[in-house]
Amino acid sequence: QKEVEQDPGPLSVPEGAIVSLNCTYSNSAFQYFMWYRQYSRKGPELLMYTYSSGNKEDGRFTAQVDKSSKYISLFIRDSQPSDSATYLCAMSAPGTNFGNEKLTFGTGTRLTIIP
Amino acid sequence: NAGVTQTPKFRILKIGQSMTLQCTQDMNHNYMYWYRQDPGMGLKLIYYSVGAGITDKGEVPNGYNVSRSTTEDFPLRLELAAPSQTSVYFCASSAQTGTHFGPGTRLTVT
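Protein chains in written order, with the working numbering: chain A, 1 to 115; chain B, 1001 to 1110.
The set of hints was computed from the structure by calculation and includes no laboratory data.
One thing to keep in mind: the hints can contain errors.
Calculated lysine-lysine pairs in the DSSO-like style (CA-CA distance at most 30 Å, straight line) [said to hold, decoys possible]:
| hint | chain 1 | residue 1 | chain 2 | residue 2 |
| --- | --- | --- | --- | --- |
| 1 | B | Lys-1009 | B | Lys-1057 |
| 2 | B | Lys-1014 | A | Lys-56 |
| 3 | A | Lys-56 | B | Lys-1044 |
| 4 | B | Lys-1044 | B | Lys-1009 |
| 5 | A | Lys-2 | A | Lys-56 |
| 6 | A | Lys-2 | B | Lys-1044 |
| 7 | B | Lys-1044 | A | Lys-67 |
| 8 | A | Lys-56 | B | Lys-1009 |
| 9 | A | Lys-42 | B | Lys-1057 |
| 10 | A | Lys-70 | B | Lys-1014 |
| 11 | A | Lys-102 | A | Lys-67 |
Computed spacing ranges between beta-carbons, pair by pair [unchecked claim]:
| hint | chain 1 | residue 1 | chain 2 | residue 2 | range |
| --- | --- | --- | --- | --- | --- |
| 12 | B | Asp-1056 | A | Leu-11 | 31 to 41 Å |
| 13 | A | Arg-110 | B | Arg-1106 | 12 to 22 Å |
| 14 | A | Thr-112 | B | Asp-1038 | 38 to 48 Å |
| 15 | A | Tyr-39 | B | Ala-1095 | 17 to 27 Å |
| 16 | B | Pro-1083 | A | Gly-54 | 22 to 32 Å |
| 17 | A | Glu-15 | B | Ser-1084 | 39 to 49 Å |
| 18 | B | Ser-1084 | A | Gly-9 | 34 to 44 Å |
Calculated from the model, a selection of chain A residues having no Cβ within reach of chain B, i.e. all distances over 12 Å [said to hold, decoys possible]:
| hint | residue |
| --- | --- |
| 19 | Ile-18 |
| 20 | Ser-53 |
| 21 | Gln-64 |
Since we're looking at a predicted model, the values are computed, not measured.
Ideal Cβ positions, reconstructed from N, Cα and C, are used throughout, including at glycine.
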């Protein structure tokens, strides 16, 4: 069993729709939870990070963590064609802190927003 | 700030050849990392460094070596390249703003 599971998609939604991206994990010692966006042939860029269970909002993006279920989500509201990318969830290894993190990644979900 | 820069962008190697992937960051970050990304496999940590002169193995270190003589530079050395090392390699650095990735090096070993 992989430590982090993520549906690879691809996922296609019409412009303006709400997008839900999810990851599950098996290691309860993971501390920080991140979402990265990766455009084709580019490096991943950090979108959001969270530490505790609950929601964190940043503009059109909301990150949600449920540690009891070992489940994290990223919601994108009012999706735009420029949101088309691969979204990677990542978790920091036990014993590391944010800014000093060895990351375990999901496989990524490829998202396409259709104009 | 240029952030994390990597050279070369692309490279084709023959089996058994060696090469060094270069990585430089100008953010004065102590922590640096090398990851590889294979299709459908996510990113996996090869090596990391917590500061100049200190390196340690990640999840998939076999076939690679690193050095960290300065805060800015963290080169990755491939000795005796094998087809299994065909991948996209990302260098990264981290501090309080999180982990920042370079643009990647696409390596093909044939």
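Right, here's what the structure says about each hint:
{"no.": "1", "hint": "B/Lys-1009 <-> B/Lys-1057", "result": "holds, 24 Å"}
{"no.": "2", "hint": "B/Lys-1014 <-> A/Lys-56", "result": "violated, 47 Å"}
{"no.": "3", "hint": "A/Lys-56 <-> B/Lys-1044", "result": "holds, 26 Å"}
{"no.": "4", "hint": "B/Lys-1044 <-> B/Lys-1009", "result": "holds, 19 Å"}
{"no.": "5", "hint": "A/Lys-2 <-> A/Lys-56", "result": "holds, 26 Å"}
{"no.": "6", "hint": "A/Lys-2 <-> B/Lys-1044", "result": "holds, 12 Å"}
{"no.": "7", "hint": "B/Lys-1044 <-> A/Lys-67", "result": "holds, 23 Å"}
{"no.": "8", "hint": "A/Lys-56 <-> B/Lys-1009", "result": "violated, 35 Å"}
{"no.": "9", "hint": "A/Lys-42 <-> B/Lys-1057", "result": "holds, 25 Å"}
{"no.": "10", "hint": "A/Lys-70 <-> B/Lys-1014", "result": "violated, 43 Å"}
{"no.": "11", "hint": "A/Lys-102 <-> A/Lys-67", "result": "holds, 19 Å"}
{"no.": "12", "hint": "B/Asp-1056 <-> A/Leu-11: 31 to 41 Å", "result": "holds, 36 Å"}
{"no.": "13", "hint": "A/Arg-110 <-> B/Arg-1106: 12 to 22 Å", "result": "holds, 18 Å"}
{"no.": "14", "hint": "A/Thr-112 <-> B/Asp-1038: 38 to 48 Å", "result": "violated, 22 Å"}
{"no.": "15", "hint": "A/Tyr-39 <-> B/Ala-1095: 17 to 27 Å", "result": "holds, 23 Å"}
{"no.": "16", "hint": "B/Pro-1083 <-> A/Gly-54: 22 to 32 Å", "result": "violated, 45 Å"}
{"no.": "17", "hint": "A/Glu-15 <-> B/Ser-1084: 39 to 49 Å", "result": "holds, 41 Å"}
{"no.": "18", "hint": "B/Ser-1084 <-> A/Gly-9: 34 to 44 Å", "result": "violated, 26 Å"}
{"no.": "19", "hint": "Ile-18", "result": "holds, 25 Å"}
{"no.": "20", "hint": "Ser-53", "result": "holds, 20 Å"}
{"no.": "21", "hint": "Gln-64", "result": "holds, 18 Å"}
Hints 2, 8, 10, 14, 16, 18, counting from the list given before, are not met by this structure.
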